[in-house]
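There are 2 protein chains.
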Amino acid sequence: MTTPTVDDVRDLRARLLDRVEDRLDTLLRTERERWARVDPRACVPVDDVAALVAAGGKRLRPAFLLSGHLAAGGDPDDRRAVDCAAAVELVHVGALLHDDVLDDSDLRRGRSTAHVRHLRDHLHHQWRGEARRYGEGVAVLSGDFADILADRLTTELPPEVRTIWNAFLTEIVIGQQLDVAVAARSVVDPELSRWIAVCKSGRYSIHRPLLLGAALAGRSDLAPVFERYGESLGEAFQLRDDLIDLFGDSDHTGKPVGLDLETHKMTLLLALAVRRDAEVRALVEQPEWDVPRLRDRLDALGIGDVIEERIGELVADAVNALGHPSLDSGWRDELAAMAHEVAYRNR
Amino acid sequence: MTTPTVDDVRDLRARLLDRVEDRLDTLLRTERERWARVDPRACVPVDDVAALVAAGGKRLRPAFLLSGHLAAGGDPDDRRAVDCAAAVELVHVGALLHDDVLDDSDLRRGRSTAHVRHLRDHLHHQWRGEARRYGEGVAVLSGDFADILADRLTTELPPEVRTIWNAFLTEIVIGQQLDVAVAARSVVDPELSRWIAVCKSGRYSIHRPLLLGAALAGRSDLAPVFERYGESLGEAFQLRDDLIDLFGDSDHTGKPVGLDLETHKMTLLLALAVRRDAEVRALVEQPEWDVPRLRDRLDALGIGDVIEERIGELVADAVNALGHPSLDSGWRDELAAMAHEVAYRNR
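Sequences listed follow chains S and U, in order. For the first sequence, the residue numbers in full-length UniProt numbering are 1 to 347. For the second sequence, the residue numbers in full-length UniProt numbering are 1 to 347.
To be clear, the hints were calculated from the coordinates, so they are not data collected in a lab. Be aware that a few hints might be false.
Which copy is meant is left open, so a pair is good if it fits within one copy or across any two.
What the hints assert, rightly or not - With a straight-line cut-off of 20 Å between C-alpha atoms, the simulated EDC-like cross-links for lysine to aspartate or glutamate are:
#, residue 1, residue 2
1, LYS58, ASP77
2, LYS265, ASP39
3, LYS265, GLU130
4, LYS58, GLU21
5, LYS58, ASP22
6, LYS265, ASP104
7, LYS58, GLU160
8, LYS58, GLU191
9, LYS58, ASP104
10, LYS265, GLU279
11, LYS58, ASP75
12, LYS58, GLU341
13, LYS265, ASP47
Fair warning: this is a prediction, and the values are worked out from it, not measured in the lab.
Just need the whole structure built from these sequences, with the hints factored in.
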């Protein structure tokens, strides 16, 4: 048997990712038919979920889950891996639906967010009650529904994999709660901000999906490898997110930019700047932030270069973690390539 | 072996319900300790969930789940039944947290609702951002967290039981979505209102919990018995709810009353009145309801007596469903007694 190359492993994963898309399509179509028979208005949650799924997104979590599964020697024909990869995407869609209400974001994956669309419908048709409560309420239920569809796809997970699944669900909610709490109270605590970022990005997007895949393959022994890779790369992923918000443009990203400073968000980027510079700290300790001054000071610090350097270190650390003897070279190379793609993406 | 009496089966269930309380207490205490180590503000979701659990509630769904399990001959020492009973209560708490945001209710189980408490905290401390968005956002996350704790307690359910579990989760969200949609659009459709009521009350509160318990005992053959019992009793349960809202007082119920008419809610009670009376139909087809006139017309129809009569028929039907030979007489009597308690409760 020859060792698979990077091209081999990519082809295999691409085929499984196609099956994930099919699974999502079939599930959402079947659900739509089911609820349409009850009443057209029962289809709203499935339509909200389907709209976000169809609008693209990076499918980062399914890709990491399948990579973890295949890198651990999992059976490519194991239907549970495809189902679980579809399920992590649905949980992500549910989290986006709730987050967009919490942040009052109006744009996601290049179109209006669900709560904004429902609010406009309500205003347009002059329905009863308050349009905002209606729009946000419906979006909350759609987010709940995404989680329930994800639960449906994980019916056959064995208990030891479900334990990881539950950790995956927990971290996003606690991370989000801390994010909201810290923003409201204008807390300047770089360590806590780093914890939140690791929780919301590293563990949720990379480490837990990899672990779910490996556990389905019966290879929980790979947990330490994936943990180190995931936590380092997750931090790099989050720093890139912060850079895109600070310097990106929304035509390209499909979501608003510049929001972090406007909403006093203590990002990982800002936490690093606070640790380096007393003036940044003084500025973010004000009850209202002077955004232009803060932006100038970040520019003066050369924060772009500082963060790029840190991202470089984190990627190197993630790649180093892959030196485990039981990872074959095809997957080692591919996971290293993924680390670069994630850390150096432009949206 | 003597056949257990009603007292025997009640004692046994009471012991298991105590274990459900212990399970909830232990889980919530452990979670609180876990998140307190991260940051006190990470404890907010667990505290919101714990506050609602501690505030009482009827524990109707755990009681039906354990009754279904024991009536089906399930092992009283099966830890999964106790865990699953705790899990259905947590899902209910999660649904209440989200529903109270959707309905902007200010009182639940005798105290201020979570989103109102968080809104007041925000105003009191003069935190950043909009107090309403903060209060509602935190309550949404707390509801999400309740679902995640429920998921944790169902890790060991076998796939055939998880399928019922997922149906249980689905019906509450779709029922709630239809409720919101119908209220906003002022839809007068008694059949649809009945479907929503069956979905939100009968299936969610009675039928699915009974079925979960029976399935854990490996007795899915009891499904038709519990379905007929649950759907009839669920309708009676909902009609009692509607009567309490129409005629009750909030000091006694621990939640606001009279809201259904104020919020144009097409309840099952109102749907029955619409079918009987052209004037009620004409009144609810108005874009704004004339609540005093509607109330007078309902009184003139003797709606209280009409609904009591219907409840009586439904209870009789539920009790008749219990004539299955494999239900022993102790459980048959106890389920009949529960039907009366549920249908004739006063809050």
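- Measure nothing new, just compare the shortest in-copy and cross-copy C-alpha distances for LYS265 and ASP47 to 20 Å and report within, between, both or neither. neither (31 Å within a copy, 24 Å between copies)
- Message: With identical chains, the pair LYS265 and GLU279 could be close in the same copy or across copies; at 20 Å between alpha carbons, which is it: within, between, both, or neither?
- Response: within (17 Å within a copy, 55 Å between copies)
- Query: Under a CA distance limit of 20 Å, which applies to LYS58 and GLU341: within one copy, between copies, both, or neither?
  - Reply: Within. Shortest intra-copy distance 11 Å satisfies the 20 Å Cα cut-off; inter-copy 53 Å does not.
- Query: Given identical chains, is LYS58 near GLU191, meaning Cα to Cα at most 20 Å, within a copy, between copies, both, or neither?
  - Reply: neither (29 Å within a copy, 43 Å between copies)
- Item | Same-copy or cross-copy closeness of LYS58 to ASP75 [CA-CA at most 20 Å] | Neither: 24 Å inside a chain and 47 Å across chains, both beyond 20 Å.
- Item | Status of GLU130 relative to LYS265 across identical chains (alpha carbons, at most 20 Å) | For LYS265 and GLU130, only the inter-copy Cα distance (14 Å) is at most 20 Å; the intra-copy one is 29 Å.
- Item | Status of ASP39 relative to LYS265 across identical chains (alpha carbons, at most 20 Å) | between (41 Å within a copy, 17 Å between copies)
- Item | Within, between, both or neither, where LYS58 and GLU160 count as close if Cα-Cα is 20 Å or less | neither (28 Å within a copy, 33 Å between copies)
- Item | Alpha-carbon proximity between LYS265 and ASP104, which holds within one copy, between copies, both or neither at 20 Å | Cα proximity of LYS265 and ASP104: one copy only (14 Å, versus 28 Å across).
- Query: With identical chains treated as interchangeable, where does the CA-CA distance between LYS58 and ASP22 reach 20 Å or less: within a copy, between copies, both, or neither?
  - Reply: within (16 Å within a copy, 43 Å between copies)
- Item | Identical-chain pair category, LYS58 with ASP77, by Cα at 20 Å | Neither, since 23 Å and 47 Å both go past 20 Å.
- Using 20 Å as the alpha carbon limit, work out where LYS58 and ASP104 are close: within a copy, between copies, both or neither. neither (22 Å within a copy, 36 Å between copies)
Hint compliance for this structure: hints 1, 7, 8, 9, 11 and 13 are broken, all remaining hints hold.
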